[in-house]
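**Student:** Here is what each chain is made of, one letter per residue.
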Amino acid sequence: MLLDIEMKKDTLFVRPNGELDLGVADQLRRTLDETIEKGQAKNLVINLAKVSFVDSSGLGVLLGRYNRVSKNGGQVLIVSPQPQVRKVLDLSGLLRIMNEYPNENEALGKIG
Amino acid sequence: MQLMNQMRLEFLSIPANVAFARVAVAAFASQLDFTLADLEEIKVAVSEAVGNAIIHGYGHVPDRLVRVYAALTQDTLELRIEDEGRGIEDIEKALEPAFSTDAERLGLGFVFMQSFMENFRLESKRGRGTTVIMSKSTGNNMVRAGEAT
Numbered sequence: 003m004l005l006d007i008e009m010k011k012d013t014l015f016v017r018p019n020g021e022l023d024l025g026v027a028d029q030l031r032r033t034l035d036e037t038i039e040k041g042q043a044k045n046l047v048i049n050l051a052k053v054s055f056v057d058s059s060g061l062g063v064l065l066g067r068y069n070r071v072s073k074n075g076g077q078v079l080i081v082s083p084q085p086q087v088r089k090v091l092d093l094s095g096l097l098r099i100m101n102e103y104p105n106e107n108e109a110l111g112k113i114g
Numbered sequence: 005m006q007l008m009n010q011m012r013l014e015f016l017s018i019p020a021n022v023a024f025a026r027v028a029v030a031a032f033a034s035q036l037d038f039t040l041a042d043l044e045e046i047k048v049a050v051s052e053a054v055g056n057a058i059i060h061g062y063g064h065v066p067d068r069l070v071r072v073y074a075a076l077t078q079d080t081l082e083l084r085i086e087d088e089g090r091g092i093e094d095i096e097k098a099l100e101p102a103f104s105t106d107a108e109r110l111g112l113g114f115v116f117m118q119s120f121m122e123n124f125r126l127e128s129k130r131g132r133g134t135t136v137i138m139s140k141s142t143g144n145n146m147v148r149a150g151e152a153t
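These protein sequences, in sequence, are chains A and B.
Its first residue numbered 3, the first sequence is counted upward by one per residue in the working numbering.
Its first residue numbered 5, the second sequence is counted upward by one per residue in the working numbering.
In case anyone wonders, no lab produced these hints; they're calculated from the structure.
The beta-carbon is built from N, C-alpha and C at its ideal position, and this holds for glycine as well.
Mixed in with the good hints, there may be bad ones.
Claimed, not checked - Here are the in silico distance ranges between beta carbons for each label pair:
#, chain 1, residue 1, chain 2, residue 2, range
1, A, K44, B, Y73, 45 to 53 angstroms
2, B, L69, A, D92, 32 to 40 angstroms
3, B, L16, A, K40, 46 to 54 angstroms
To be verified - A few chain A residues that don't get close to chain B, going by computed Cβ distances all over 10 angstroms:
#, residue
4, E8
5, K11
6, D23
7, A51
8, S59
9, V71
10, S72
11, K73
12, P83
13, E108
14, G111
With the sequences and hints as input, model every part of the structure.
**Tutor:** Here it is in structure tokens:
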């Protein structure tokens with residue numbers, strides 16, 4: 003899995019590329035936590051356009067970051083999941099707590 | 005139902021093998037007329053079962069073995085995923101949605117397996133390991149090109 007990370011103001015944009023499963027969960031969790039801390043990110047935008055697979059280990063990382071960010075009054079927004087990834091997100095209930103947007107600009111617009 | 009093909013995989017209980025197992029099973033299953041969406045669901049189910057074996061069965065100990073058996077009949081993939089780990093103390097509780105022994109996990113592994121597969125069954129004995137049995141049918145009676153009579 004490759005990970006593109008960009009900080010814009012107080013929002014961290016994360017663009018993983020590949021598959022989010024047990025094999026990459028620890029690395030993803032560590033990188034996100036370090037980056038959130040270092041950049042003092044309030045909000046998190048997770049662009050899933052290039053994620054071809056996710057299972058409950060990958061979702062666990064997203065849920066953990068949601069808990070962390072929302073505890074500090076921030077938001078977690080999901081951008082552009084592929085259909086097979088969206089199905090898993092939907093079944094997990096995560097789309098009920100994280101809003102979904104078709105692109106990063108719309109997500110950024112919602113953060114204000 | 006007549007057996008058309010079968011295979012067995014045995015691999016170390018390391019996280020990198022979760023992807024190996026799901027891709028191998030999906031490639032094997034693609035001998036039947038599964039849709040791409042079906043194959044994606046099979047991949048999630050295999051990922052969850054193998055992940056559970058590594059995390060919960062073996063507690064992340066990397067030198068144990070996970071076994072995957074797969075068989076194909078004319079329209080069905082049958083799967084059996086086994087570990088010889090610690091087993092599940094309370095199967096009923098383990099099957100409850102959102103039950104997890106780890107705060108960073110969703111406790112949805114079995115929900116995904118049950119949602120995406122058919123005939124899901126869990127066999128486990130404390131200290132003796134866990135076996136997940138599940139299947140999935142193509143759900144169509146299409147005749148392959150060249151097989152029409």
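**Student:** With reference to the structure, classify each hint as holding or not holding.
**Tutor:** How the hints compare with the structure:
Evaluation of the 45 to 53 angstroms hint for A/K44 and B/Y73 yields a pass: the beta carbon distance comes to about 49 angstroms. Between B/L69 and A/D92 the Cβ separation comes to about 34 angstroms, which falls inside the hinted range of 32 to 40 angstroms. In this structure the hint that B/L16 and A/K40 lie 46 to 54 angstroms apart at CB is violated, the actual value being about 35 angstroms. With a closest Cβ-Cβ approach of about 25 angstroms to chain B, A/E8 is found to remain outside the 10 angstroms limit, as its non-interface label requires.
At roughly 28 angstroms, the least C-beta separation between A/K11 and chain B is larger than 10 angstroms, which holds for a residue marked as non-interface. With a minimum CB-CB distance of about 5 angstroms to chain B, A/D23 fails to clear the 10 angstroms threshold, and the non-interface call is violated. Here A/A51 stays apart from chain B, with its beta-carbon at least about 16 angstroms from theirs, past the 10 angstroms limit. Non-interface call for A/S59 relative to chain B: violated, since the shortest CB-CB distance, roughly 6 angstroms, does not exceed 10 angstroms.
Consistency note on A/V71: stated as away from chain B, and its beta-carbon is indeed over 10 angstroms from all of that chain's, at 14 angstroms minimum. Every C-beta of chain B lies more than 10 angstroms from that of A/S72, the closest at about 15 angstroms, which supports listing it as non-interface. Chain B leaves A/K73 outside its interface by the beta-carbon criterion, the shortest separation being 13 angstroms against a cut-off of 10 angstroms. No Cβ of chain B comes within 10 angstroms of the Cβ of A/P83; the nearest lies about 13 angstroms off, and the non-interface call holds.
No beta-carbon of chain B comes within 10 angstroms of the beta-carbon of A/E108; the shortest separation is about 26 angstroms. Consistency note on A/G111: stated as away from chain B, and its beta-carbon is indeed over 10 angstroms from all of that chain's, at 29 angstroms minimum.
In the structure shown, a violation is registered for the earlier hints numbered 3, 6 and 8, in ascending order.
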